[in-house]
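One-letter residues, chain by chain:
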Amino acid sequence: MTKTLLDVRGLSRRFDVSQPWLNRKIEGTGKLYVNAVDDVSFTVKQGETFALVGESGSGKSTIARLIVGLLNPSGGDIVFDGTSLKDGLNGAKARALRRRFQMIFQDPLASLNPRWRVVDIVAEPLRVFERAMSNRDQRLRVGELLTLVGLAPEDGVKFPHQFSGGQRQRIAIARALAANPDFIVCDEPTSALDVSVQAQILNLMKDLQKDFGLTYVFISHNLQVVRHMANDIGVLYLGRLAEVAEAGALFDAPKHPYTRMLLDAVPDIEMTGRRRKQVEGEIPSPIDPPSGCAFHPRCPFANDRCKRDVPKVLAGVACHAVQEGRIS
Amino acid sequence: MENRKLVKDIPEQDLIVPVRAEGRLARALDSDIFYSWRTSPVTVVATFVALSLILLAVFAPLIAPYNPFNPASLNLMDGFTPPASTGAFTDNYFLMGADNQGRDVLSTIMYGSRVSLFVGILATLFAMTLGVSLGLIAGYNGGTIDAVIMRVTDIQLSFPAILIALLIFGIARGLIPANQQESMAVWVLILAIGLSNWAQFARTVRGATMVERQKDYVSAARIMGVHPILILLRHVLPNVLGPVLVIGTISLALAIIEEATLSFLGVGVPPTQPSLGTLIRIGQQFLFSGEWWILFFPAVTLIALALSVNLLGDWLRDALNPKLR
Amino acid sequence: MTEPLLSVRNLTVEFPTRRGILTAVQDISFDIMPGEVLGVVGESGAGKSMTGSAIMGLIDRPGRIAQGEVILQGRRIDNLPDAEMRKIRGRKIGMIFQDPLTSLNPLYRISEQLIETIRTHLPLSETEARKKAIGLLDDVGIPDASRRIDDYPHQFSGGMRQRVVIALALCAGPDLVIADEPTTALDVSVQAQIIDVMKRLCAENGASIMLVTHDMGVIAETADCVAVMYAGRIAEIGPVRDVIKDAQHPYSSGLMGAIPRLGANLDRLTQIPGSMPRLSAIPRGCAFNPRCPHVMDKCHIDQPQAVQTAPGRRVACWLYPPQDSTGTNAERQTAQ
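Protein chains in written order, with my numbering: chain C, 1 to 328; chain B, 1001 to 1325; chain E, 2001 to 2336.
Excised from the complex, chain C in its bound form:
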């Protein structure tokens, strides 16, 4: 049985979007919060890919940032390989843990410091985690990494702006791999790239996962890409999990009405004649989410209970209609 590497339990994150103090006092308004992530739980098994899918406002990027420690959770816990990350990381233990996880970002240009040469960018984790490493060894290691991701060692002396989007993402991957992590959070790694380049990067990521036994948390809004990459999938809607399932099951027999709607909305590239189903309505603002199940205004199966009670995730689905057997 594969071991659980990451265990996310009841994770929540609230953002303060209030006006500044002075404005609040003058206008007499209160504090305003957004629940960007609300009570989300899932587990990620070692060597596998767990994907989080969602549209804008679903909280998927917030979860990514919570996992790697860029944000602190307002509630719940993240357990990485048996160690709780709830209270932040400090000291030598922190360094050993930080070394094991890395992140790949959506916009490869913004994730590389424009004033640094590629060799310095890729070597940054080495300078943090391998302080004893000589300059020559660093350059050798960077050359190896660049070769591994399909670039040349000579590319190390260039600056990020001299590369194409796909090449930049390769540089970001090389940096992520520099200090031998075993867990990588990928936040929309290909959504800024062209299709043909996206295929290269997805293939590269799959190869690297196979060769080095990497574990990915893969964030995306693109269902086709997720289908290609993931073992397990979590579908998010307005900060809550709608459905968690094994990838094949989710695509073959989606349960939650939102998941069904998302699948129906995927363009029919094979020209089978299947019409994209007309989806009603738009995603509500996360500042003022609907009561009860956040999806109820768009859901064809909603009833009074859906408007009132927030559904719990039971057997991988958070939907009253499924749990009451109203839909199969």
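If you're looking for bench data, these hints aren't it; they were derived computationally from the structure.
On a predicted model such as this, the values are computed, not experimentally measured, just so you know.
We put the beta carbon where it would ideally sit given N, CA and C, even for glycine.
Check before you lean on any hint, since a few could be wrong.
[As the list claims (entries may be wrong)] Distance condition first, Cα-Cα at most 27 Å in a straight line; then the derived BS3-like pairs of lysine-lysine:
#, chain 1, residue 1, chain 2, residue 2
1, B, 1215, C, 86
2, B, 1215, C, 158
3, C, 45, C, 86
[Claimed, not checked] Coverage of chain B stretches by chain C, computed from C-beta distances (three or more under 8 Å per stretch; other residues unrestricted):
#, stretch
4, 1010-1016
5, 1042-1050
6, 1098-1111
Go by the hints and put chains B and E onto chain C.
This is chains B and E only, laid out in the frame that chain C set:
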């Protein structure tokens, strides 16, 4: 933990990243910035004007025709010699005339620009260091620290710089013993002008830092646990220097004028080491009695210096602005 | 046979820079029939948006149309003065951009913008124009249109804003709508709605659409014909079903293989090595030759010309050499 071997079957010397490929000079000459400089005649002229004025000032002791502060070379009887003529009592030739004490105006300008530039540059560097540091701290930390620093800049920016400089100058005068006041005057002036100009830098750097802080290369460093001070110095600072250079150039021009104003008002440098402002103050006494050159030449020099530096700043702002490229 | 609504002949767009002239669009030709939807697909840097801008006369200086003609309803429009062109944009050609905020002025109410545009192009009174504007907003699916017409653009969500842009593009009853990435900024679940509205309204008004996008899925659902662009040239053009099911140019077939599918869980995607060349470094011969699996010696030397391979289908690839004795030669002559 041992680093795993990543690539097989390639010899080491083919895998190592070479130290450096292209020369810095070649890159600089090929850059867009150099191109935009080369194709802007106004900027080229401004550069040459500014450079020649700076060189004349720096090498004044070597190239000035006379040393205006050496009493041995002065003759009061040469006073008020008009431009392009020889003194009445000595054989000294005065290209820009002589002032009331028989000093060569050209030489006093060269020595005066020296003082003006020295004060201007040091005051700007001081303001820059202070403003950039405070701006980085405010922008990166946010919260209360940010609020406090920004309110101070707001207050500072709501007073004219010259008023603040006068205030600081006055306070410093009161604190420094009388016998040291003359030797300390230049430093007090630098402190006063510097303290009255830092707010611009702080505000701009704070804004740029808040933008850079959100970028993912900073996130990547934070995930690795890089210390915030290292992130600020190595990641953020190089990326906010562009606007700092622009403001630096423009505030250099402002600082030179501010120094001239203070000296004109008589609260700047002591008359024993006159700056351009002091020269203008001396000169204006004689404007209406017909000895126009004592005022005219220092004033023209001050205008040329401030204008050329300002034009350089304007060009730099456009050249570094990606939207206008 | 009916006359094409829009004819683009040998269009070339150049950008002089200090390092030499960059060719963003090179020698492209296509027709759009009345009521037809032409998809123009390509990756970033392919020149697809530039083609749309050239037709609308919206190329930023120092860019210029260096060669070729754009003919709308039999009238040449690429060399018209700015004032004339402004009348054609809006009246004859409607525009929809990726970011609704480039079309909508955030300082004015929706009603003011719609009414002004309607009255610029149509002889209607203020009240009539307002009535028409409300009708249009109703058509594009904005609930409670008579009240919401007096809102400002920021009071609408992204999808609703794009609906307003569609209404604005259609308000003078144009014959051609050029839509540049109209759904790229939207969520998947909203994309389908917008595509539907756009397609339905254009069909009702008899307007043709030139749909510029990088998303093959949107093309597959919307377009009748598709032109696949690469490095400023049209690699392949033809009926959408043929191109998707049986792409002839190695680039278009690679592009199709690179799209992950829901149906098939393949271990690896087909990948095209390398990336789109920069405009300053387009390879000699066929621009695709460094990435092509079928590359031949000839591809490094000569640029392939568009050759007709089936009715309405042209491919620019040396795998399909021009044949002198058959009718395809005639097509080649017109393409030059």
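Find the hints from earlier in the document that the structure breaks and name them by number, from lowest to highest.
-> 5 and 6
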